[in-house]
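Engineer: Sequence:
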Amino acid sequence: MNRILSRGVIVAAGVIGLTACSADRLNVPNFANPTPESIGGDPRTAIPFVANGILRNLRDIHWSFVLGTGILGREAYNYTSTEGRNTSGWLTNDVNSAASFGGTALWNTYYIALRNIDNLLRAVDAAPAGAFSDAEKSALRGFAHTMEALALHYLIATRNDLGVPVEAPDIAADPTALSPFVSRDSVFSRIVSRLDLARTELQAGGASFPFTLHAGFVGFNTPANFLRFNRGLAARVQAYRASLGTAGCPGGRANNPC
Numbered sequence: 008m009n010r011i012l013s014r015g016v017i018v019a020a021g022v023i024g025l026t027a028c029s030a031d032r033l034n035v036p037n038f039a040n041p042t043p044e045s046i047g048g049d050p051r052t053a054i055p056f057v058a059n060g061i062l063r064n065l066r067d068i069h070w071s072f073v074l075g076t077g078i079l080g081r082e083a084y085n086y087t088s089t090e091g092r093n094t095s096g097w098l099t100n101d102v103n104s105a106a107s108f109g110g111t112a113l114w115n116t117y118y119i120a121l122r123n124i125d126n127l128l129r130a131v132d133a134a135p136a137g138a139f140s141d142a143e144k145s146a147l148r149g150f151a152h153t154m155e156a157l158a159l160h161y162l163i164a165t166r167n168d169l170g171v172p173v174e175a176p177d178i179a180a181d182p183t184a185l186s187p188f189v190s191r192d193s194v195f196s197r198i199v200s201r202l203d204l205a206r207t208e209l210q211a212g213g214a215s216f217p218f219t220l221h222a223g224f225v226g227f228n229t230p231a232n233f234l235r236f237n238r239g240l241a242a243r244v245q246a247y248r249a250s251l252g253t254a255g256c257p258g259g260r261a262n263n264p265c
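For the sequence shown, the working numbering gives the first residue as 8, with consecutive numbering after it.
Please note that a few of the clues may not be correct.
[To be verified] Have a look at the derived ranges for each label pair, beta carbon to beta carbon:
| id | residue 1 | residue 2 | range |
| --- | --- | --- | --- |
| 1 | 95 | 235 | 41 to 49 Å |
| 2 | 242 | 59 | 19 to 27 Å |
| 3 | 252 | 135 | 31 to 39 Å |
| 4 | 211 | 86 | 31 to 39 Å |
| 5 | 168 | 88 | 18 to 26 Å |
| 6 | 207 | 81 | 36 to 44 Å |
| 7 | 239 | 104 | 21 to 29 Å |
To be clear, the hints were calculated from the coordinates, so they are not data collected in a lab. Note that beta-carbon positions come from the ideal geometry of N, C-alpha and C, so glycine has one too.
Could you put together the complete structure from these sequences and hints?
Structural biologist: So this is what it looks like as structure tokens:
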């Protein structure tokens with residue numbers, strides 16, 4: 008996974024006759040493209056943008072997840088008379104090509120979210136004393152690990168036996184580092200462990216998050232209530248594991264030991 012948070016570009020606008028002081032007021036940071044350095048410089052202000060960016064990543068791709076999995080399951084069809092690849096790239100052997108619509112769909116956006124989750128966690132760990140209370144740090148970690156599990160859940164739902172990479176490599180140490188693919192069972196184990204870790208963190212997360220969750224999370228917008236979302240996702244994942252007969256849940260639902 009490559010570095011996703013690109014370096015922001017500051018646009019300077021100069022007007023004839025303005026003093027240097029006035030011109031400085033026109034230098035506005037590009038808040039849509041924060042860097043890890045800018046987040047670390049003012050985490051209290053920046054992390055809410057990162058958290059909501061993660062939510063937007065996962066929300067914006069969901070329509071494609073519903074349509075793409077519907078096509079693969081023969082429950083939906085995307086008919087576009089001017090774009091034949093909407094058919095060939097999903098419903099023929101072309102889907103096995105890395106260059107096809109189906110081969111590359113439902114991939115990049117989830118890893119953008121995972122990279123931003125990693126950046127959020129690093130910023131929390133490196134936050135200066137007093138930037139966040141211990142409870143707020145725990146709430147942020149619980150949110151991040153729940154979102155990580157959700158992104159991995161969507162990824163493995165579309166790759167099954169192929170597996171997916173689950174680690175975000177340290178790109179500061181090696182920008183060309185690649186994460187290995189791991190098996191479906193290992194992905195599910197990672198998802199469950201992240202959800203359980205998040206449960207502990209949310210339980211210590213205090214009364215509120217240090218950012219505002221959007222309207223879709225009404226009733227789930229505090230650490231205590233968000234824990235219900237976490238446990239609902241955990242139940243879904245365990246049901247999937249059991250129905251697939253993974254190593255963590257042998258015997259299917261009837262004898263589900265998870």
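Engineer: Now, for every hint given, state plainly whether the structure supports it.
Structural biologist: A quick look at each hint next to the structure:
1. 95 to 235: 41 to 49 Å: holds, 43 Å
2. 242 to 59: 19 to 27 Å: holds, 26 Å
3. 252 to 135: 31 to 39 Å: violated, 48 Å
4. 211 to 86: 31 to 39 Å: violated, 51 Å
5. 168 to 88: 18 to 26 Å: Taking Cβ atoms as reference, residue 168 and residue 88 lie about 34 Å apart, which means the hint is violated.
6. 207 to 81: 36 to 44 Å: Taking Cβ atoms as reference, residue 207 and residue 81 lie about 41 Å apart, which means the hint holds.
7. 239 to 104: 21 to 29 Å: Roughly 36 Å apart at Cβ, these two residues miss the hinted range, so it is violated.
When each numbered hint is compared with the structure, violations occur for hints 3, 4, 5 and 7.
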